[in-house]
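S.K.: For this one, chain L is given, so just place chain B on it according to the hints.
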Amino acid sequence: MSNKIMGMRPCTLVYLALIIFTFITFYVGEQHLSGLSISLIVLLLALIKGQLVGSYFMGLGRLQGLWRWPVFIWLFIPGTLISIAFYLSA
Amino acid sequence: MQDQVINNDAIAINRHPPGDLAIWIFILAELSVFAVFFAAYAFTRMNNVELFNEYQLTLDRKAALLNTLALITSSYFVVRAVAAIKLNDTRGCARWIWAAIGMGFLFVLVKGAEYAHHFGEGINLSTNTFYMFYLSLTFFHFMHVIMGMVILAAVALKARRGGYSDQEHTGVETGASYWHMVDLVWLILFPLVYVMR
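These protein sequences, in sequence, are chains L and B.
Taking the numbering used here, the leading residue of the first sequence gets 1, the next gets one more, and so forth.
Taking the numbering used here, the leading residue of the second sequence gets 1, the next gets one more, and so forth.
None of these hints come from the bench; they were simulated from the model.
Chain L is faced by these chain B residues, among others (derived, beta-carbon under 8 Å):
hint	residue
1	L31
2	T68
3	S177
4	H180
5	P191
For every residue, glycine included, the Cβ atom is placed at its ideal position computed from N, Cα and C.
Looking at chain L on its own, in the form it has when it is part of the complex (with noise of 0.2 Å):
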C-alpha cells in the first residue's frame, strides 16, 4: 500500500515548485520587464514547469523506453522555436 501512495510527496513538492514558478513568472510580467535574456528566462521557467508536470502529474518520469520522452520533446521543440525567434527579434 505505501508503494502505490509513494509518489504523493514529490507530487506535493512539485506543486508548490509549480505555484512559486507562476508567481515568479507573473512578477515579471506585472514589472513589465522585458529583452532577450527576461525572455528566456521566463521561457526556461516553463519549460522546466512542463517538464515537472510530465514527470510527476503524468508519471512519465517512472516510465523506461520511448514513452518517457514525448512531453520532453514537446517541451523541447516549442521552447527552441520559440527562444530561435525571440533572439532574431531581440
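M.R.: Chain B only, in chain L's frame:
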C-alpha cells in the same frame, strides 16, 4: 522466483504510459497542433514586435495568474484522485475529481469574463494580428478545458458508482492524462502570450 515475477511485471507496466494508449495518441496529436500554434505566434511576432508588445499590455495578467493557479491546482487534485483509486478509495477519488472540475469551472468563469471584456470593447479576430493569435490560441485551449471537464465528470460519476478499483482504474488514468495535457499547454501559453516581450 516470486520476486522475479514481480520485478518483470513492474518493468512491463513501467514501459507503458498511464491510461489508455489511444488517449496518448490523441494527446500527442493535440500537443503537436499547439506546438505549431506557439511557433507561429513567435515567428509572426518577429515582424510585429512593437504591435505585439503594445497589445500584450492590454491583457489581464491577474486573470491569467488566477487561471494558471486554477489549472495547476486542478492537475494536482487529479493526481490525488489517481492516488486515491490506487488505494481503492472510490469516494475519495470521485471527490478529488469533482474538486478538479471545480477548478476547471473557475478557469472557465475567469476566461469567460476576459472574453466578455474584450468583446465588449469591440475586439475580435480581425482587430489585429496579436488579437488574432491571442483569441484563437486561448479559445482553442478553452475548448480543451471544456472537453476535459466533461471527461472528468464522466470519470467522477463512474468512480462514485464504484466503477473503478485499485485493480482496474484505466479510465481514471486516461481522464487524468488528458487533463494534465490541458494544464501542460497552458503552462507554455501563459508566459508566451501574457509575459514574454
